[in-house]
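Chains L and W are the protein sequences, given in the same order.
Quick note: the first sequence uses our numbering, first residue 517, plus one each step.
Quick note: the second sequence uses our numbering, first residue 355, plus one each step.
Mixed in with the good hints, there may be bad ones.
Stated by the list, open to error - Straight-line C-alpha distance at most 27 Å; calculated DSSO-like pairs for lysine-lysine: (1) W/K485 / L/K534; (2) L/K535 / L/K524; (3) W/K485 / L/K535; (4) W/K598 / W/K588; (5) W/K588 / W/K485.
These are computed hints drawn from the structure, not numbers from a lab.
None of these values were measured; they are calculated from a predicted model.
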Amino acid sequence: MNKNSILKRWGRGIIKNKKASFGIYFVSSLIGLSIFGPLFTLDPTAFLGTPLSPPSLEHFFGTNGQGQDVLSQTIAGARQTLLVAFTTGFFVVLVGAFIGGAAGYYGGKIDDFLSLIINVFLVMPGLPLMVILASWLPPGPLTLAGVLILTGWAWNARVIRSQMMSLKGRDFVLAAIISGESNTRIIFVEIMPRMLSLLASSFIGASIYAIGAQVGLEFLGLGDVSTVSWGTNLYWASNDLALLTGSWWTFVPTGLSIALISFSLTLINFGIDEVTNPRLISERNWKKQLPDNTLNNGVTPVVRKNG
Amino acid sequence: MSNSIRYLTRRLGFYSIAAWAALTLNFFIPRLMPGDPAAIIFARFRGKLTPEAMVALRETFGLTDGPLLIQYFSYIKSMFKGDLGVSIAYFPEPVANIISTGLLWTIFLAGTSLVISFIIGTLLGAIISWKRGGRLDSFLPPFLAFIGAFPYFWLAMLSLYIFGFKLEWFPLRHAYSDDVTVGLNIPFIFSSIYHAILPATTMVLVSLGGWMLSMRNTMITTLGSDYITLARAKGLSSWIVMLKYAARNAILPNFTGFGMALGFVLSGALLTEIIFSYPGQGYLLLQAVRSQDFPLMQGLFMTITLAVLAANWFVDIAILFLDPRTRK
Chain L
517 MNKNSILKRW GRGIIKNKKA SFGIYFVSSL IGLSIFGPLF TLDPTAFLGT PLSPPSLEHF
577 FGTNGQGQDV LSQTIAGARQ TLLVAFTTGF FVVLVGAFIG GAAGYYGGKI DDFLSLIINV
637 FLVMPGLPLM VILASWLPPG PLTLAGVLIL TGWAWNARVI RSQMMSLKGR DFVLAAIISG
697 ESNTRIIFVE IMPRMLSLLA SSFIGASIYA IGAQVGLEFL GLGDVSTVSW GTNLYWASND
757 LALLTGSWWT FVPTGLSIAL ISFSLTLINF GIDEVTNPRL ISERNWKKQL PDNTLNNGVT
817 PVVRKNG
Chain W
355 MSNSIRYLTR RLGFYSIAAW AALTLNFFIP RLMPGDPAAI IFARFRGKLT PEAMVALRET
415 FGLTDGPLLI QYFSYIKSMF KGDLGVSIAY FPEPVANIIS TGLLWTIFLA GTSLVISFII
475 GTLLGAIISW KRGGRLDSFL PPFLAFIGAF PYFWLAMLSL YIFGFKLEWF PLRHAYSDDV
535 TVGLNIPFIF SSIYHAILPA TTMVLVSLGG WMLSMRNTMI TTLGSDYITL ARAKGLSSWI
595 VMLKYAARNA ILPNFTGFGM ALGFVLSGAL LTEIIFSYPG QGYLLLQAVR SQDFPLMQGL
655 FMTITLAVLA ANWFVDIAIL FLDPRTRK
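Extracted from the complex, chain W is given alone in its bound form (with noise of 0.2 Å):
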């Protein structure tokens, strides 16, 4: 057991060094770049702010007088207090509250998009290699490959026209109906999920192909192996040694680059959030690079990042428990 432990507090100290790699990265950006990055922030700032207002959010970016290394900390010390700056776009909100509204509906959206494609390309993967160059072998990966090829924005616009605007069967925008109150009560839930079906369907759709072609090609290295031989040999049925003997030993490394998809997933959903103009992260994003509010766009990195590394961390105790080899 203590070798989990170890592993575990290895992992994690590698992602602390990614997240303070993410920290720099987002103070040195803006000072590498060509102009003054006080007089661009600040200029968008122009008569919205007391001078005591304009000391704070100095202080926030480390956009003090004093020497890199002096702004350097005292920007370090207010993202660890949570102090995101103030946001240009929705003024006078502090990022933080800005944020963390859309983070929930993010995580759920793109969550449950993430997971629901994984089972299922996981599962297709399985099927087709047991049946290699069968029907459905040969038909779906090219066609996930193609479906594949389409930017996942633009083929939420293509959804959207057609289901939503043409058929009206799904709702256009939102992620749930004005007429129900915020909370825990049945038609609240009815109407987020009715909202979230066009969008994750085209995220699970544009995802599926990668998760079935890696499931796949494990899944070929593992039938080959003895013991697989030797389940089938014992007249087990088909489906048993499928599910039980090849996958559960052909799903790891689907599940370690579950944690490595996540990043990229994400980014596919923020540009989906856009176009359904849900709530979540990536409509921030949107309004941020509208209205080139930089405090927003840079809380939104770090906390985009965090999540993603947290996510991570928890996909390596999931391996933990999964894979008995990380154990020993």
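With the rest of the complex left out, here is chain L (with noise of 0.2 Å):
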């Protein structure tokens, strides 16, 4: 079978599959909001209300402590907080490919060293770390956005690396080796889009990882806090007493959009184990042609399909 007809197969397979389709429509249409949203809302930054009042129709989400609309500053929020997210997963995973890639697929002593250097990344408790690093810089969402990559690239590193491991023995490596095309290109060219369904669940996992980062720096206070974003709005419904004056509407819209948003990201990436996992794919034709929990008794189901 090619590349492309298992691509297609994928493609429609994930659009077939519910968690998946409901994830990606659920992500989109947040992203069409951020982009398309705040030309809509009111001006997240004025000053519209008395502060802290409770949801009303004039404010559907109330106003916070500065008395500005909660429902434009989650809206307007999702712009930085999703780029930075997107931006962080992609770069994470390109870096994670490089260095991943070359240790697998190098091994002996280059992945050695380098598999010393992800452990010791791996190992070091990311939080403590972001915050000195993120004290030092500028506050902004490029400083975000650089602090997450290199506190989280450690991970997909190491998983492109085992399945790099893995793939590096197979034939049709072994015959572009003596077809005498060269590393690099045996890399990119050969071994990486075989990896795809990988490399796309990696970049989905680390956008994950990035807007909860993301949002917990944000909330320290590291972030730009001039700023809109999720992470901001939750650090000023903390700095306004939200809690202790009761206005859960000031902190509760930001935090059910986080949560939505990486949710759907979840069901995404459930979504592409599903369709791409060989072991998944057969067990699900096993189940179509197979009475209820056979499957659950440890034998190997034996079935004839014609007579």
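Take each chain as given, in its own frame, and dock them per the hints.
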């Protein structure tokens, strides 16, 4: 089967997959909302009403401690948060593919050295490291993305390394080596496309990580608190004593948005796994043909399709 | 046995390298940033320090006028002596003293929630893999994935609002109430457990899903093995086959993941502590960020990293006892 027909089959499978299509639908509508939404909402940074007034017809989600409209802030905040998250996701996969790919492909001393670096970064606790980095750098989205990439790449590098090691010994790689292709070409043209599903789910996983870590850093006050993002929304909510004044509407919409987008991204990942993982595919095919629970008995099913 | 010792020494070597890398990062990060680190740090101390104290502090961070290598060794030397400098936020208290007061609370809160979520999550993973496709199996993973999608600290905010503020079931802040005396007495222990319930529960809820899913996945592979089929054929009860045969082997990857998860859970715990004004490392971290207390921040990074590395090594020792393959 050639590459294109596999891609087509995956594409069709993902569209048909309930989890993935729900996730894609929700993520894309949120991205659309974050791009075009701010054109229609009120100015998120303007003083519009009595501070901390509860949801009303005028302000659907109420106002925050600065008298700003919470609905506009939630929509406007999506823009920066998602931009930083997807940028981080992309670069985390890129760095991971370079370092993990090189470690897995070359092996030997190069692998020993690169694996050591990967493992050191894996074992170091992320948040405190992010905090010192972010506190020395000028606050802003660029700093956030940089810090998140530096602390997040190692996990992907490790996953890509082990995948590379298992693909390296396959016949098509040996054939490419014998036909005299260069190492870079083998890694990026021959092997990487075959890891496409892994790279895609790594990208999504890294983006989920970036949303959570970014919001945490900004909540601590390490982002640029004058801009509007989901993290700074929560920072201001806690700064304005949202809890002690009982104004739940200042932090609930942002938190729910974060959870919904992370959950939708997770669903896409589940979908990718179901569609591209050969073991799950064959299991699903068996389930269609066999009565319930036969698979759970730990025996290999044998079915003849015709007669 | 000598193999085990060689294995543990090798791991110890790796953790030493990691600790050295953390130390070196701690030294170089301020120097790679725009601006003069000495000027930035000492600007915050202006009018607070005597000239002698200033010289001592410069030595600690290696911010002397000498060449970089000399600065580096001066810094390493003071770190080995446990001298982490003087805090700005809590001037003139040394950083090492401040950190040690909060460390026990963090270990208590993060440690207990990590262990509880590991046990419950692993057990749930074993149970749902047993009845795969059953009601529990189709409900729990998506539900916990949804809970896990919330940031730790946001869930903490919400539970503090509902259970602390609205329902008044749990205290709003701190690790124990004001009317008990600190020490090993019954009221103090009860008070600290009562204060830890809400933060610990939110942390357990968020981290449960990960343990459950990884246990479920390894269980599914294990359940296909021949010895499981044999155990069933012998007519052993489901619980014995599940826990004594399958789970015993499937749990090993989860144990390895325990060390890895430590740093991640700790990061979440730090933010949760901030919400509950819990007097641990997270609360100190917030103070450090708010007042740009660089010595305290860097001291926190060092101690938290060392704690995580030490815990990882203990996990290695535990695996040595649990997995006979590592003893070969």
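Evaluation of the provided hints:
1. For the given pair, W/K485 sits about 22 Å from L/K534 by alpha-carbon distance, which is consistent with the 27 Å threshold.
2. At most 27 Å may separate the alpha-carbon atoms for a hinted pair to count; L/K535 and L/K524 meet this at roughly 18 Å.
3. For the given pair, W/K485 sits about 21 Å from L/K535 by alpha-carbon distance, which is consistent with the 27 Å threshold.
4. Between W/K598 and W/K588 the CA atoms are separated by roughly 14 Å; this keeps the pair inside 27 Å, and the hint holds.
5. A threshold of 27 Å between alpha carbons decides the hint, and for W/K588 with W/K485 the separation of about 20 Å falls inside it, so the pair holds.
No hint from the list above goes unmet by this structure.
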